[in-house]
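> For the protein sequence lines, the chains are A and B, in the order given.
Quick note on this note's numbering: the first sequence kicks off at 1 and runs consecutively.
Quick note on this note's numbering: the second sequence kicks off at 1001 and runs consecutively.
Note that these hints are calculated values from the structure, not bench results.
Pairs of lysine-lysine residues, derived as PhoX-like cross-links and limited to a Cα-Cα distance of at most 25 Å, are as follows:
| hint | chain 1 | residue 1 | chain 2 | residue 2 |
| --- | --- | --- | --- | --- |
| 1 | B | K1341 | A | K79 |
| 2 | B | K1341 | A | K263 |
| 3 | A | K424 | A | K462 |
| 4 | A | K462 | A | K446 |
| 5 | A | K444 | A | K424 |
| 6 | A | K462 | A | K421 |
| 7 | A | K446 | A | K457 |
| 8 | A | K129 | B | K1341 |
| 9 | B | K1391 | B | K1377 |
| 10 | B | K1254 | B | K1286 |
| 11 | B | K1353 | A | K79 |
| 12 | A | K129 | A | K214 |
| 13 | A | K79 | B | K1377 |
| 14 | A | K414 | A | K342 |
| 15 | A | K414 | A | K424 |
Selected chain B positions facing chain A (in silico; Cβ < 7 Å):
| hint | residue |
| --- | --- |
| 16 | A1102 |
| 17 | Y1198 |
| 18 | S1205 |
| 19 | E1313 |
| 20 | S1316 |
Nothing here was measured: the structure is a model prediction, and the numbers come from that model.
Each residue gets a CB set at the ideal place from its N, CA and C atoms; glycine is no exception.
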Amino acid sequence: MKWEVVIGLETHAQLSTVSKIFSGASTAFGAAPNTQACGVDIALPGVLPVLNTGAVERAIRFGLAVGAKINSPSIFARKNYFYPDLPKGYQISQFERPIVEGGTITIQVGEAEKTVRLTRAHLEEDAGKSLHEDFHGRSGIDLNRAGTPLLEIVSEPDMRSAEEAVAYARALHTLVRWIDVCDGNMQEGSFRCDANVSVRPAGAKELGTRREIKNLNSFRFLQQAIEYEVRWQIGEIEDGRTIQQATVLFDPDTGETRMMRTKEDAHDYRYFPDPDLLPLEVTAERMAAVREAMPVLPQLRREQFCAQYGLTSYDAGLLTASRELADYFSTAAAGADAKTGKLCANWISGALSARLNEESLDIAQSRVTAGRLRGLVDRIADGTLSGKMAREVFDAMWAGEGDADAIIAAKGLKQISDSGKIEKIVDQVLAANAQQVADFRAGKEKAFNSLVGQVMKASRGKANPQQVNDILRRRLAG
Amino acid sequence: MSNATLKELSDRLAAGACSSVELAQDYTNKINGLGKDLGCFITVDAERSLAQAKAADARRAAGNAGPLTGVPLAHKDIFCADGWLTTCGSRMLSNFVSPYDAHVVGRCNAAGMVTLGKTNMDEFAMGSSNETSFFGPVRNPWNRDTVPGGSSGGSAAAVAARLAPAATGTDTGGSIRQPAALTGICGLKPTYGLVSRYGMIAFASSLDQAGPMARSAEDLGLLLNVMAGHDPRDSTSLERPAEDYNRNLAQPLKGLRVGLPREFFADGLSADVRRAVDEAVAEYRKLGATVVDVSLPNMGLSVPVYYVLAPAEASSNLSRFDGVRYGHRAAEYTDLMDMYKRTRAEGFGAEVKRRILIGTYVLSHGYYDAYYIRAQKLRRLIARDFVEAFKQCDVIMGPTSPTTAFRLGEKSADPVQMYLSDIYTIAVNLAGLPGMSIPCGFDGGGLPVGLQIIGNYFDEARMLNVAHQYQLATDWHRRAPQGVA
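In isolation and in its complexed conformation, chain A is listed as follows (with noise of 0.2 Å):
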């Protein structure tokens, strides 16, 4: 039978405010224990949450970019359980209405672009951590972490492979880091996924029953969990067996899902609204001022680079990972034709990608400035760099040499492309290399390139090689 795979994401992104949605307290990241818990965070009798105006801008401006109503009023909730690391016994989210509800965000699959709806985005607190370890059989409870804002964006099962959610994921990831909501540091958790997986017979049209794999911190695991989690249910239901709703676990160890609770024990939250804090209103006027700061989306960035350079919509993707990165190819590329832009576009995308990978820097961090790339790809351009040359010169530039042109100079890099000089050049190799010419013309495709290497050689590789390769033809053709 052929199975089709549903897949939505919940995505839980920490907002990047200086202090917690609802006291004071710094959100730094790697604090002792509870050095930055104040009395609103561990809950002390009396206290009084007070919501932190910056963490609804974020979430407005996160509501914009993706299309979506903002609700006003929306209305926080109380979800109640018991944990030690969540102080007040309850966790203040938003429930019946989010701020955030509705809008879409674009995937790219391969060439092919795709819509993903989303359900709503609300805000909401985090808790704080239990350490089981090091505390000799008792927890260690530390609430650093409690408080920290976050946003929960909820898709809709619109997803139908792992390739398709981890496509989905990073394009939200990308985009809360463009709007500045949220820092997308995944190791500390700044961005992590809840993935509810589910399959049935292709053509279907119920949904099977899901299961929720949570806290992906990683786009690997994202992509390993699901595919485990497909292979598994449907592994189960060919043997007969039905799924149970259940939440699960990946270990990134045996990368495998494990189950650590069923439908049957899900909490009752008891939510309702918290009367510590009044229905959130947005007016018109902060909706106008979080619009006005927007930048301009990937997606738009996306469509001009595609427009003004004919890149293609994978490259134009590549270099919109990034605001910093999309920035750093409009600088490349200002005022450049299509041939220089595409240039620039490859360079970016090839070799100093490959270069920032290697050092483990970000774009901002690059050690060749945007106009000196583009000094090199204007250099390339216009013949005065080969390829192996242009390659060389980059490397020079990474290394603090200077611009091309003082490389160039330097080292004597000039690429010939005086025909008269080229044609005296193959007619020496010509005339030295008798038998490899006989082997051309006795049709051994192979002598050709031997004799190209021939009056590469003996240009010491500054020939132009496709003006080599040209007047080699001619030349062995009359």
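Given the structure of chain A, go ahead and fit chain B onto it with the hints provided.
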């Protein structure tokens, strides 16, 4: 000296007739004597009180005294006070020393007032007789076999027994007004949002409101001037310009329209209370008021609505008392769940557990709409009744409580009877309106009767004026229980 009102003490201090240290000493001595017999206080700390009094005297000497600088008062033990044991009347917090001041406490401290101690109360403010306190009941100074009312029973009894010239209280369903009535003092629950709830241990957040308890309307106004004001730490605190709540005290009452809701004078009202309230209304007519018959048709729903909403909020508010970070924790347990169960079973008393159970039930999946949502809708109807009534009158009057003080233990076995003790006060909290109680006579047994005055939103100054004019014409508020003056 301890028979003096806040106003009189303020004047004496200003005139140099006494020092703050003398006052603190005098009250502290009485608290350690009569106060112990009545069970009014959970914590006294004479050293702290005297240190505050010394600072107040120094401030006066430096010429920086405000109207209440050096005047002592008592705080209900629901208010967190920095360095003070703050128990909320519960075993759960019997070891909790607050590391911070509630807004109300901070305001009183900033005014230079001297904290005499923390008063006894029903556990987590859940009760109408002060019998649910972990620290034992409070006795009514008018008759020690009767209750002082609750939940602010310790504050009320302390003020009635002249152990403090004034005290802070909180009122979720009548917890300032009913004990004020039962102990023959004055108490005011302001409009919801007028006094910050920051640092006041939450019972039912949408209903809780702090207010002053004292022996005259004028004193209530003086203390309210200190307590009220916007606080950015409480999102439900209202941003309004500061006002002097005593600015209208002298205004004559001619033309005042007094609304008498017929539902306040129906079955269940004791004859003695009815007589005293009728006489008070007659006095108001003499003062120039006209009386209007009004109706609050949904008032009968207020007790059931309250006993859905208040426990719902309480069940969630009290979840933080889990033994993890502070407060009581069971000595022995096998695992986390066992720790929770034992801690909460030991830490909470029967009435608190009852309300947590009710609240958890009404919020549960499948019952939420039938109880919580329905109650919220009815709450709006009850509030609308008052809006309609206030189209015909300036203030509403009636009894504060259907009976005078009842005997200790008389209603403790029957929660519903106990709940009905607040039948006239609860609707006011549901509507968020200001309400007050002032003494207006005695029953046949010599126990005080309270007159309830309900005002429109933010009409505290008018209510105080209405009460003050009555107190100029009568002396019920000057009567003291035997042997305490």
